[in-house]
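J.: For the record, the sequence lines run as chains C and B.
Following numbering that gives the first Met the number 0, the numbering of the first sequence begins with 0 at its first residue and continues without gaps.
Following numbering that gives the first Met the number 0, the numbering of the second sequence begins with 0 at its first residue and continues without gaps.
These are computed hints drawn from the structure, not numbers from a lab.
Since we're looking at a predicted model, the values are computed, not measured.
Where hints are given, some of them may not hold.
Said to hold, decoys possible - Computed list of lysine-lysine pairs in DSSO-like fashion (alpha-carbon distance at most 27 Å, straight line):
1. C:55 <-> C:2
2. C:157 <-> B:84
3. C:58 <-> B:38
4. C:161 <-> B:92
5. C:49 <-> C:161
6. B:85 <-> C:58
7. C:49 <-> C:2
8. C:88 <-> B:38
9. C:58 <-> B:97
10. C:156 <-> B:92
11. C:156 <-> B:85
12. B:38 <-> C:117
13. B:97 <-> C:161
14. C:107 <-> C:117
15. B:58 <-> C:107
16. C:122 <-> B:43
17. B:43 <-> C:107
18. C:122 <-> B:85
19. C:107 <-> B:38
20. B:84 <-> C:58
21. B:97 <-> B:84
22. B:116 <-> B:43
23. C:156 <-> B:97
24. B:85 <-> C:117
25. B:92 <-> C:157
26. B:58 <-> C:156
27. B:85 <-> C:157
28. B:43 <-> C:88
29. C:58 <-> C:122
30. B:43 <-> B:58
31. B:97 <-> C:157
Each chain, letter by letter, is given below.
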Amino acid sequence: MRKEKFLPALVAGFSLAVLSVVPVIQLATCCLLAPIAGIFGVNLFYLQMKNNPEFKIEKSDGFQIGILIGLISGFFESIFQSLLLLVSKDNPVYDSIVLLQQYVPDMKLPEIINDIAKEIDEKRFSLLLSFMLFFNASIVNSIFATIGALLGVSNIKKRFIKDSFS
Amino acid sequence: MKNHQNFTYVFITFLLFIFLLFTFSLQLFPNSPTLFFLKNFYNKICHQIESRCFFVNEKPMLICSRCSGIFGGAFILFLILSLSKKFRSFLYKIDTYKIFYFLVPLLIEWLINFIFKIESTNFVRFSTGIIFSIVPVYFLNLLFINSKVKK
Numbered sequence: 000m001r002k003e004k005f006l007p008a009l010v011a012g013f014s015l016a017v018l019s020v021v022p023v024i025q026l027a028t029c030c031l032l033a034p035i036a037g038i039f040g041v042n043l044f045y046l047q048m049k050n051n052p053e054f055k056i057e058k059s060d061g062f063q064i065g066i067l068i069g070l071i072s073g074f075f076e077s078i079f080q081s082l083l084l085l086v087s088k089d090n091p092v093y094d095s096i097v098l099l100q101q102y103v104p105d106m107k108l109p110e111i112i113n114d115i116a117k118e119i120d121e122k123r124f125s126l127l128l129s130f131m132l133f134f135n136a137s138i139v140n141s142i143f144a145t146i147g148a149l150l151g152v153s154n155i156k157k158r159f160i161k162d163s164f165s
Numbered sequence: 000m001k002n003h004q005n006f007t008y009v010f011i012t013f014l015l016f017i018f019l020l021f022t023f024s025l026q027l028f029p030n031s032p033t034l035f036f037l038k039n040f041y042n043k044i045c046h047q048i049e050s051r052c053f054f055v056n057e058k059p060m061l062i063c064s065r066c067s068g069i070f071g072g073a074f075i076l077f078l079i080l081s082l083s084k085k086f087r088s089f090l091y092k093i094d095t096y097k098i099f100y101f102l103v104p105l106l107i108e109w110l111i112n113f114i115f116k117i118e119s120t121n122f123v124r125f126s127t128g129i130i131f132s133i134v135p136v137y138f139l140n141l142l143f144i145n146s147k148v149k150k
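Please construct the entire structure, taking both the sequences and the accompanying hints into account.
T.: Pasting the structure below:
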């Protein structure tokens, strides 16, 4: 993987992570903002590289940038969510447990979940919860950002073909 | 190459099927310890507001009715795409700008909901979701379609 891909992915991924913790906007994170971040990242990469005469953008570039955006946004999103948890009084784990037990009263919860809830009550931070947030965000954002990035690549290719014929 | 393209369509259909199957986790695996993790995973994709979810067996699905429509519609369309090459080329030939017409019902419904504060029903949300599902499937089809099928 070329190091030139890291900077566009970092910019797009960080922007996606920031927007994903903003109320209301966060509702559109996965299905709208992640593909837009993918398109944005690929276009940044293209702008950065287009002065190089040997450069040719490929689908694999889009794939790599999309995955990178997903991982970077997942990393920053988990940090932002943990910071928000640190300054809030809520316990999202307890809220989820209560909601689930409403429908499945005799649900067998793994001990680890109760540990996370207790940890949040005591320290306002849980490494396991942060990891879970990172895991979820990375997977979902990687999928949607990759779709966006691949679309961005095909759009750039189309533009390139049009320019070379005109 | 041809088999590779077919495999992509079948693989995405399979992924969508698994995704939809796990939205029934509360009904299918009520005693599973993984329920908490699944609910949190789907929470990243959908708001999961109870009043906007379909209830099966008196338990809500893990995604809202609109998302059910979008992902359900995408699953059905990908199932057809993996079976019919004619449908792939038909979808490919639709003008890119015209495909955004399928976004209009969802936008109208969202505007009525958000601006005029008039609540729609889950059936309407599901229907607009199904109509909207053509948009992402169209763009995915553009990415995966075989150059031979385009003609």
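J.: Indicate, hint by hint, whether the structure satisfies it.
T.: Verification of the hints:
{"no.": "1", "hint": "C:55 <-> C:2", "in the structure": "holds (16 Å)"}
{"no.": "2", "hint": "C:157 <-> B:84", "in the structure": "holds (23 Å)"}
{"no.": "3", "hint": "C:58 <-> B:38", "in the structure": "violated (33 Å)"}
{"no.": "4", "hint": "C:161 <-> B:92", "in the structure": "holds (19 Å)"}
{"no.": "5", "hint": "C:49 <-> C:161", "in the structure": "holds (16 Å)"}
{"no.": "6", "hint": "B:85 <-> C:58", "in the structure": "holds (25 Å)"}
{"no.": "7", "hint": "C:49 <-> C:2", "in the structure": "holds (16 Å)"}
{"no.": "8", "hint": "C:88 <-> B:38", "in the structure": "holds (22 Å)"}
{"no.": "9", "hint": "C:58 <-> B:97", "in the structure": "holds (25 Å)"}
{"no.": "10", "hint": "C:156 <-> B:92", "in the structure": "holds (18 Å)"}
{"no.": "11", "hint": "C:156 <-> B:85", "in the structure": "holds (25 Å)"}
{"no.": "12", "hint": "B:38 <-> C:117", "in the structure": "holds (19 Å)"}
{"no.": "13", "hint": "B:97 <-> C:161", "in the structure": "holds (21 Å)"}
{"no.": "14", "hint": "C:107 <-> C:117", "in the structure": "holds (17 Å)"}
{"no.": "15", "hint": "B:58 <-> C:107", "in the structure": "holds (17 Å)"}
{"no.": "16", "hint": "C:122 <-> B:43", "in the structure": "holds (24 Å)"}
{"no.": "17", "hint": "B:43 <-> C:107", "in the structure": "holds (23 Å)"}
{"no.": "18", "hint": "C:122 <-> B:85", "in the structure": "violated (59 Å)"}
{"no.": "19", "hint": "C:107 <-> B:38", "in the structure": "holds (15 Å)"}
{"no.": "20", "hint": "B:84 <-> C:58", "in the structure": "holds (23 Å)"}
{"no.": "21", "hint": "B:97 <-> B:84", "in the structure": "holds (21 Å)"}
{"no.": "22", "hint": "B:116 <-> B:43", "in the structure": "holds (25 Å)"}
{"no.": "23", "hint": "C:156 <-> B:97", "in the structure": "holds (21 Å)"}
{"no.": "24", "hint": "B:85 <-> C:117", "in the structure": "violated (57 Å)"}
{"no.": "25", "hint": "B:92 <-> C:157", "in the structure": "holds (16 Å)"}
{"no.": "26", "hint": "B:58 <-> C:156", "in the structure": "violated (47 Å)"}
{"no.": "27", "hint": "B:85 <-> C:157", "in the structure": "holds (24 Å)"}
{"no.": "28", "hint": "B:43 <-> C:88", "in the structure": "holds (21 Å)"}
{"no.": "29", "hint": "C:58 <-> C:122", "in the structure": "violated (45 Å)"}
{"no.": "30", "hint": "B:43 <-> B:58", "in the structure": "holds (20 Å)"}
{"no.": "31", "hint": "B:97 <-> C:157", "in the structure": "holds (18 Å)"}
Of the numbered hints listed earlier, those contradicted by the structure are 3, 18, 24, 26 and 29.
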